[in-house]
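Asker: So you can see what is in the structure, the chains are spelled out below.
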Amino acid sequence: MVHWVRAAALVAVLGAMPAVGAMAQTVRWAASGDPNTMDPHSQNVGTVTMVLQQIYDPLIHRDRDLSLTPGLATAWRQVEPSRWRFTLRQGVRFHDGQGFGPEDVVFSITRALQPTSNFGIYVDTIAKVEAVDAQTVDIITKAPDPILPNKLASVFMMSKAWSEANNAARPQNTRAREEMVTTRNTNGTGAYRLATREPDVRTVLVRNPAWWGWQVEGNTGNVAEIVFRPIASDATRIAALLSGEVDFVLDPPLQDLNRLRAAPGVKVVEGPEVRTIFLAFDTAREELLYSDVKGRNPFRDLRVRQALYQAIDIQAIHRTTMRGQSVVTGTLIPEQVNGYAKSEDVRLPFDAARARALLAEAGYPQGFSVTLDCPNNRYINDEQICQNIAAMWSRAGVRTAVKAQPLAPFFAQIQRDDTSVYLLGWGVPTLDALYSFQSLLATRNGAQGDGIWNYGGYSNPRMDALIQRMKVESGEARKATIREALQLYREDLPHIPLHHQMIPWAMRSTVTIPHMANNQPYFRWAMAGAQ
Amino acid sequence: MALARLLDSDLFWSFRRSPVTVLSALVALVCVLGAALAPWIAPHNPFDLASLNLGDAFKPPAWDEIGEASYPLGTDDQGRDMLSAIMYGARISLLVGVCAVLFSTLLGVTIGLVAGYLGGSVDGLLMRIADIQLTFPSILIALLVDGIVRAALPREAHDQIALFVVIFAIGISAWPQFARTVRSSTLVERNKEYVLAARVIGLSPLHIMATHVLPNVLGPVLVIATLNLGNAIITEATLSFLGVGVPPTHPSLGTLIRIGNDFLFSGEWWITIFPGAALVAMVLSVNLLGDWLRDALNPKLR
Numbered sequence: 000m001v002h003w004v005r006a007a008a009l010v011a012v013l014g015a016m017p018a019v020g021a022m023a024q025t026v027r028w029a030a031s032g033d034p035n036t037m038d039p040h041s042q043n044v045g046t047v048t049m050v051l052q053q054i055y056d057p058l059i060h061r062d063r064d065l066s067l068t069p070g071l072a073t074a075w076r077q078v079e080p081s082r083w084r085f086t087l088r089q090g091v092r093f094h095d096g097q098g099f100g101p102e103d104v105v106f107s108i109t110r111a112l113q114p115t116s117n118f119g120i121y122v123d124t125i126a127k128v129e130a131v132d133a134q135t136v137d138i139i140t141k142a143p144d145p146i147l148p149n150k151l152a153s154v155f156m157m158s159k160a161w162s163e164a165n166n167a168a169r170p171q172n173t174r175a176r177e178e179m180v181t182t183r184n185t186n187g188t189g190a191y192r193l194a195t196r197e198p199d200v201r202t203v204l205v206r207n208p209a210w211w212g213w214q215v216e217g218n219t220g221n222v223a224e225i226v227f228r229p230i231a232s233d234a235t236r237i238a239a240l241l242s243g244e245v246d247f248v249l250d251p252p253l254q255d256l257n258r259l260r261a262a263p264g265v266k267v268v269e270g271p272e273v274r275t276i277f278l279a280f281d282t283a284r285e286e287l288l289y290s291d292v293k294g295r296n297p298f299r300d301l302r303v304r305q306a307l308y309q310a311i312d313i314q315a316i317h318r319t320t321m322r323g324q325s326v327v328t329g330t331l332i333p334e335q336v337n338g339y340a341k342s343e344d345v346r347l348p349f350d351a352a353r354a355r356a357l358l359a360e361a362g363y364p365q366g367f368s369v370t371l372d373c374p375n376n377r378y379i380n381d382e383q384i385c386q387n388i389a390a391m392w393s394r395a396g397v398r399t400a401v402k403a404q405p406l407a408p409f410f411a412q413i414q415r416d417d418t419s420v421y422l423l424g425w426g427v428p429t430l431d432a433l434y435s436f437q438s439l440l441a442t443r444n445g446a447q448g449d450g451i452w453n454y455g456g457y458s459n460p461r462m463d464a465l466i467q468r469m470k471v472e473s474g475e476a477r478k479a480t481i482r483e484a485l486q487l488y489r490e491d492l493p494h495i496p497l498h499h500q501m502i503p504w505a506m507r508s509t510v511t512i513p514h515m516a517n518n519q520p521y522f523r524w525a526m527a528g529a530q
Numbered sequence: 000m001a002l003a004r005l006l007d008s009d010l011f012w013s014f015r016r017s018p019v020t021v022l023s024a025l026v027a028l029v030c031v032l033g034a035a036l037a038p039w040i041a042p043h044n045p046f047d048l049a050s051l052n053l054g055d056a057f058k059p060p061a062w063d064e065i066g067e068a069s070y071p072l073g074t075d076d077q078g079r080d081m082l083s084a085i086m087y088g089a090r091i092s093l094l095v096g097v098c099a100v101l102f103s104t105l106l107g108v109t110i111g112l113v114a115g116y117l118g119g120s121v122d123g124l125l126m127r128i129a130d131i132q133l134t135f136p137s138i139l140i141a142l143l144v145d146g147i148v149r150a151a152l153p154r155e156a157h158d159q160i161a162l163f164v165v166i167f168a169i170g171i172s173a174w175p176q177f178a179r180t181v182r183s184s185t186l187v188e189r190n191k192e193y194v195l196a197a198r199v200i201g202l203s204p205l206h207i208m209a210t211h212v213l214p215n216v217l218g219p220v221l222v223i224a225t226l227n228l229g230n231a232i233i234t235e236a237t238l239s240f241l242g243v244g245v246p247p248t249h250p251s252l253g254t255l256i257r258i259g260n261d262f263l264f265s266g267e268w269w270i271t272i273f274p275g276a277a278l279v280a281m282v283l284s285v286n287l288l289g290d291w292l293r294d295a296l297n298p299k300l301r
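Line order of the protein sequences matches chains A and B. Everything in the first sequence is counted per numbering that gives the first Met the number 0, starting at 0 for the first residue and increasing by one. Everything in the second sequence is counted per numbering that gives the first Met the number 0, starting at 0 for the first residue and increasing by one.
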């Protein structure tokens, strides 16, 4: 009842506002990278999600503070320790007009479990999905999974009929550069539908007036059309914003923030992101693919990993390349993530002499050569960071070549394990440490989820045991387990952690898009027009 | 002796008479020497990663209050000395320019000679090919060649052959100018008496073309080659600016300008302006020299 009154009041307010709300508002949005697919289960990458989450709905949405709120499911509860029951929203339609029902939920989760899926980490604990009746679905997990709703907030619901009619019953295999209908086409239930998609050029989304969510309180967005354009060059992206050619830049270059803050008609909103940038080593192979060391793999030697860690002057990167817009870290997860421990967030000190000594001790007094793989349009200043590190490592004796590529070929390459050392940024949408440990550090065993982004092939039975415990434990015991895993991470050095990202967003002052710590713009809350 | 003859020639006289030409020759000489001797005279080696220090990044030029004398033109985002980077970059730009011009000269002169001397259907065919190619802008051809090579060869091979691809791509787009000029000169020369005499004593067409006609058609070729050098350098810079030229590990002037472009709005202007100025100086001086050469070699203007 209260809701109805509020909604009515809102409608009255909106109706009373001068034509602004009713006018067709277009937001022209630019970022450095373009999504490498439109398939909702093929690439668990923020650049893809930032477009697809406008088009597809998960069962459970995230609110502005990243808490869980009803999506395609209006309610969910744990009826048995291993059985979650979801009540589905009624009257929801896909963009092609077909109704949304329990069979679509069963289909979508099954699809995310296929071998070509990159979303296994969210559904790996699921044993079975059952349609109970026309508005209820039961999800049975292999073991009790207390954070299942957190995970399902990242799994988009597709139409079973549409996917099967278009030969898209399994996710696109991006690794093998496969093309299928879902590479360029979508059919979601979301607030926006895909109008045109030209990869690397332009993606246009138009408002779906029939979206169920427009009736829900809080979804006050008035944007009728979203035009997304990838602009790789920093200077061009900013020139486009300053000249009024685009309205919103998701990743303004750090060097231009001061200028943007001073520019009339432009505003910068800032905040930390739940994302950690790190370097990961190939510790699996007997011989590195890209190095002049033959017959052995220097990265399997802890002393070499430590040497390369201590050769990095992270403060210089923080000060110069990141211009202060980063949080230097010595651990795998940022503060906002459940399980974070301040006492484990300690870096090995920068010490170039120690680095050289460790390399000599490990049997490489003359150093060696290696290629560092790096994206150049995914993370903030990713290519520059790699070049900084290449110079620092070279000074320690490890002659480093940087191979920087756009995100599509970069991800395809590392997902084939075709790398010796690479830079990656890891966001934590579930806000729980398990997500990072399981994806990045569990031994890859073919099962969905475990080690799904562990392309260096790190494998430590002790780490695996801790991760298995994290999955089933709860309360203080679980906290202690995560703590122990963080400690092991510091001892074992499977990665070199660098920093957590800060994410400034720049937009014209006539546009308001709530800043989100997951670096995702939600256009259902976006306001555009004269203010 | 040879020097005395040179100093006494018409060419040198017209050279000395034009201060603009003398100045551009000096600028060109500085550019070429700076580039050629870079490994010996540059203050730093920008390609040596181990010598870079991030603490030195974004230093303004030496005359600025916070500039440092060891970095006369400032440093870029990695702490590279701009002056050294420009000298090493000019080396690559010049190398690509000279090689591309040599390549297109070789190709164009050969085709022009053959077309002009043999005439008939061979001439028709070769000149139609040249016509077709002239309808494409040279940068388009260069991009096309680059794209095909990248698609055809494995990714790993790109960096090693990138330089040759750029040289080939630029060279292949400029040959029709040479071919047309040489063909028209050859058409005139081949009916002259010395050629007829050579033919009468039974010399092979190849021999006549190479030893009798060729030396007499080279004058205009020299002019076009000089003017084309500037174009080739600009085309290379354009390709590198677009990110399809030489690999960024060995930046040419175009690559330096592209990198600096990202910092243009944030006030670190020296990262892009100095490579840009170096490129302008180099191309302008070469072009002015080319203009002078054209006028000096034209008997009607004497």
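If you're looking for bench data, these hints aren't it; they were derived computationally from the structure. Bear in mind the structure is a predicted one, so any value in this text is a computation, not a measurement. The reader is advised that the hints may include incorrect statements.
Coverage of chain A stretches by chain B, computed from C-beta distances (three or more under 8 Å per stretch; other residues unrestricted) [what the hints assert, rightly or not]:
no., stretch
1, 200–211
2, 227–239
3, 307–316
4, 334–348
In silico negatives: residues of chain B with every beta carbon more than 12 Å from chain A [as the list claims (entries may be wrong)]:
no., residue
5, Gly33
6, Ile40
7, Ala41
8, Gly229
9, Pro247
Just so it is clear, CB atoms sit at the ideal spot from N, CA and C, and this is done for glycine as well.
Asker: Under the constraints set out in the numbered hints, which ones does this structure not fulfil?
Answerer: 1, 4 and 9
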